Amino acid sequence: MSQGVLTISEQLEGNFRKVTYEALSEGRRITDHLDCDLVAMVLGSEIEDVAKELGHYGADRIIVADNPQLYNYTTDAYTNVIADFITKETPNVVILGASTQGKDLSARLAARLNAPLAMDSLAVRFDEDNLIATRPMHGGKVMADVVLEGKPKMLAIRPNAMPIIKVEGTGSVEKMDVDIGTTSLKFIEKHLDTSKVELTEADIVISGGRGMGCPDFSLIEELAQLVEGAVGASRSAVDEGWRSSSDQVGQTGKVVSPNLYVACGISGAIQHLAGMSSSKIIVAINQDADAPIFSRADYGIEGDLFEILPLIIEEVRKLNK
Amino acid sequence: MESIVLLKQVPATESLVRIAADGISLNKDDVKWIINPYDEFAVEEALRIKEAHGGSVTIVSLGPEKAVEAIRTALAMGADKGVLINDSAAERYDSLNIARILAAAIKEVPFDLIIAGQRAVDNDNFQVGAATAEFLSIPHISMVIKQEIIDSKIRCHKTVEGGTVEIEAPIPVLFTTQRGLNEPRYASLPGIMKAKKKPIDIKTIADLGLDADQIGKPLTRIIALKPPPERKAGIMIEGESAQTKAAELVRILHEEEKVI
Ligand SMILES: Cc1cc2nc3c(=O)[nH]c(=O)nc-3n(C[C@H](O)[C@H](O)[C@H](O)COP(=O)(O)OP(=O)(O)OC[C@H]3O[C@@H](n4cnc5c(N)ncnc54)[C@H](O)[C@@H]3O)c2cc1C
Ligand SMILES: Nc1ncnc2c1ncn2[C@@H]1O[C@H](COP(=O)(O)O)[C@@H](O)[C@H]1O
Chain A
1 MSQGVLTISE QLEGNFRKVT YEALSEGRRI TDHLDCDLVA MVLGSEIEDV
51 AKELGHYGAD RIIVADNPQL YNYTTDAYTN VIADFITKET PNVVILGAST
101 QGKDLSARLA ARLNAPLAMD SLAVRFDEDN LIATRPMHGG KVMADVVLEG
151 KPKMLAIRPN AMPIIKVEGT GSVEKMDVDI GTTSLKFIEK HLDTSKVELT
201 EADIVISGGR GMGCPDFSLI EELAQLVEGA VGASRSAVDE GWRSSSDQVG
251 QTGKVVSPNL YVACGISGAI QHLAGMSSSK IIVAINQDAD APIFSRADYG
301 IEGDLFEILP LIIEEVRKLN K
Chain B
1 MESIVLLKQV PATESLVRIA ADGISLNKDD VKWIINPYDE FAVEEALRIK
51 EAHGGSVTIV SLGPEKAVEA IRTALAMGAD KGVLINDSAA ERYDSLNIAR
101 ILAAAIKEVP FDLIIAGQRA VDNDNFQVGA ATAEFLSIPH ISMVIKQEII
151 DSKIRCHKTV EGGTVEIEAP IPVLFTTQRG LNEPRYASLP GIMKAKKKPI
201 DIKTIADLGL DADQIGKPLT RIIALKPPPE RKAGIMIEGE SAQTKAAELV
251 RILHEEEKVI
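Chains A and B, in that order, are what the protein sequence lines are. So the first sequence is numbered by the numbering used here: it starts at 1 and just counts up by one. So the second sequence is numbered by the numbering used here: it starts at 1 and just counts up by one.
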């Protein structure tokens with residue numbers, strides 16, 4: 001497959017993360033352009049059955065690295081197995097999702113393989129033979145076109161930025177021989193709350209800021225739950241101790257690009273905008289008509305969020321009926 | 001415990017970004033410079049580790065002459081010494097070039113721990129920490145919010161989507177910081193006075209015994225910088241009452257934008 005595209009899938013207990021499909025769809029677009037094969041690699045334990053599914057997203061070949069030691073992600077085991085495969089198969093392009101795992105893995109792999117890596121890519125294009133990735137820098141205040149020189153060209157794509165395209169098709173599933181190699185990291189345990197929608201993957205994010213005035217975010221949570229969205233927060237709300245730092249959106253928090261972002265009681269500081277301005281639709285609710293957030297919002301309501309939010313919740317409930 | 005902190009000086013996060021005339025770099029004339037916020041967590045954590053386990057904290061930075069200010073601030077917080085690799089070409093390096101240089105500088109210093117930021121908030125690469133660890137053949141753990149050192153091992157809680165994961169590694173190891181790890185201290189006045197006497201070693205690439213081949217060619221190169229896509233002018237939703245505004249918003253989001 002020395003001209004082909006390889007995607008590295010990410011699964012948690014047999015469920016693929018959404019960005020896996022996004023990576024495959026982008027991979028398919030590139031292989032159609034280059035006229036080559038799309039290979040999907042899946043690492044885990046007893047995952048052969050779920051791996052088949054990737055054929056519906058354009059994978060020609062699905063390579064399964066099945067080993068109990070790959071059940072939970074650790075940087076060194078995954079890097080060893082993937083680096084060996086890449087060294088053997090020499091793909092032209094490698095695509096991963098820029099999830100926390102994908103960022104960690106792609107950075108280590110790029111160093112191991114001496115490969116160029118565009119982190120958090122939003123778009124990819126070819127200019128003759130050059131592969132050019134567009135990626136945000138300075139928290140999205142500027143977009144950089146980066147040309148990748150060397151092999152393989154690695155792209156870690158930002159979750160939620162690229163469309164998922166289903167295709168007719170079934171890839172062939174192959175089990176590979178796995179050699180974990182030397183490792184020193186030990187997985188101890190994970191503490192996951194899978195009941196919540198993950199902020200960076202959510203289609204809708206409802207965020208609260210200092211305007212919430214207290215730790216009671218129940219209005220935000222209620223609306224988020226109604227629309228199956230996630231709850232975000234400004235740094236001020238985190239600094240006040242109202243929300244955990246994992247909810248923080250912004251230049252020093254998470255970067256989100258949902259279809260809908262609703263900012264409630266958030267003034268719109270430049271560091272906050274850095275984390276959400278690539279959202280498709282932005283709505284702001286603020287009692288200060290001059291709040292900077294309104295200049296970035298597609299729709300704004302000037303008013304007291306404690307009055308407006310319950311009315312919005314009521315209207316959304318009517319829709320759901 | 002001998003700790004090394006990888007520290008980068010970056011433009012303050014409130015800075016407005018202006019694209020320079022060449023179209024591939026930024027105009028940084030009146031920018032205020034700060035320690036990369038994630039590296040500030042790294043300095044703080046190294047100081048706490050020193051307070052708990054003894055040892056020393058060394059700051060290592062690759063950058064222009066003025067990066068000395070950032071190192072000085074870290075020394076004022078309580079770090080013991082600094083190394084600046086002063087290289088005017090640093091701007092053109094990619095993450096792998098930078099990591100090779102940092103790894104070469106670190107090889108000269110005995111260490112147990114290296115602490116880096118998860119990302120530098122200027123280029124947002126998320127790469128230099130992991131790559132430096134790879135070039136030093138040590139493991140790394142990224143996005144750590146809590147660590148515990150027991151004998152010659154470290155156990156780290158790292159953030160992942162929807163929660164945390166606990167990973168254990170033998171020392172020496174590199175880890176990168178995540179918000180929530182600590183609240184960095186401010187430099188005290190006595191700290192600032194003391195920092196003036198602390199050593200900062202300024203080196204060149206040649207002093208590290210590196211040549212251009214060992215650093216490697218940049219494999220990623222910026223060919224254009226652009227402002228982010230403009231957003232169309234927003235609409236303020238007007239109405240007689242809060243009730244009519246809320247209803248209108250939900251109607252638009254449902255019927256026109258089709259996002260709910
Ligand atoms: C190094 C650094 C990094 C940073 N990183 C981030 C980051 O990642 N993310 C981030 O968010 N910030 C970040 N900040 C902080 C940022 O500068 C702002 O201080 C912060 O975003 C402000 O949060 P806020 O909008 O919630 O609060 P404020 O600016 O205090 O705004 C509160 C808003 O609520 C409105 N309001 C009050 N009551 C009501 C009500 N009842 N109904 C409706 N509206 C109401 C007010 O009109 C006001 O506009 C960073 C700062 C620094 C220095
Ligand atoms: N020029 C540099 N000098 C010292 N440390 C650096 C430098 N560049 C990056 N780092 C370290 O690597 C981390 C990640 O940077 P980056 O990969 O550029 O996002 C930073 O938070 C620093 O700890």
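It is possible that some hints are incorrect.
As the list claims (entries may be wrong) - Label-pair ranges, simulated between beta-carbon atoms: (1) B:SER137 with A:ALA123: 27 to 37 Å; (2) A:LYS175 with B:SER137: 27 to 37 Å; (3) B:TYR186 with A:HIS191: 28 to 38 Å; (4) A:GLY181 with B:GLU91: 29 to 39 Å.
As the list claims (entries may be wrong) - List time: in silico SDA-like cross-link candidates among lysine to any residue, alpha-carbon distance up to 25 Å: (5) B:LYS28 with A:LYS151; (6) B:LYS226 with A:LYS18; (7) A:LYS190 with B:ILE235; (8) A:LYS151 with B:ILE24; (9) A:LYS318 with B:LYS28; (10) A:LYS18 with B:GLY163; (11) A:LYS88 with B:ILE202; (12) A:LYS280 with B:HIS254; (13) A:LYS190 with B:LYS226; (14) B:LYS217 with A:GLU149; (15) B:LYS28 with B:ILE202; (16) A:LYS321 with B:GLU148; (17) B:LYS226 with A:SER45; (18) A:LYS318 with B:SER152; (19) A:LYS190 with B:GLU166.
Rather than coming from a laboratory, the hints here were simulated on the basis of the structure. From a predicted model like this one, the values you see are computed outputs, not experimental measurements. Note that CB positions come from ideal geometry on N, CA and C, so glycine has one too.
So, going through the hints one by one against the coordinates:
| no. | hint | result |
| --- | --- | --- |
| 1 | B:SER137 with A:ALA123: 27 to 37 Å | holds, 35 Å |
| 2 | A:LYS175 with B:SER137: 27 to 37 Å | holds, 30 Å |
| 3 | B:TYR186 with A:HIS191: 28 to 38 Å | holds, 32 Å |
| 4 | A:GLY181 with B:GLU91: 29 to 39 Å | holds, 36 Å |
| 5 | B:LYS28 with A:LYS151 | violated, 33 Å |
| 6 | B:LYS226 with A:LYS18 | violated, 28 Å |
| 7 | A:LYS190 with B:ILE235 | violated, 44 Å |
| 8 | A:LYS151 with B:ILE24 | holds, 24 Å |
| 9 | A:LYS318 with B:LYS28 | violated, 52 Å |
| 10 | A:LYS18 with B:GLY163 | holds, 17 Å |
| 11 | A:LYS88 with B:ILE202 | violated, 42 Å |
| 12 | A:LYS280 with B:HIS254 | holds, 14 Å |
| 13 | A:LYS190 with B:LYS226 | violated, 40 Å |
| 14 | B:LYS217 with A:GLU149 | holds, 10 Å |
| 15 | B:LYS28 with B:ILE202 | holds, 23 Å |
| 16 | A:LYS321 with B:GLU148 | violated, 51 Å |
| 17 | B:LYS226 with A:SER45 | violated, 43 Å |
| 18 | A:LYS318 with B:SER152 | violated, 60 Å |
| 19 | A:LYS190 with B:GLU166 | holds, 6 Å |
Going down the numbered hints, you'll see the structure goes against 5, 6, 7, 9, 11, 13, 16, 17, 18, while the others check out.
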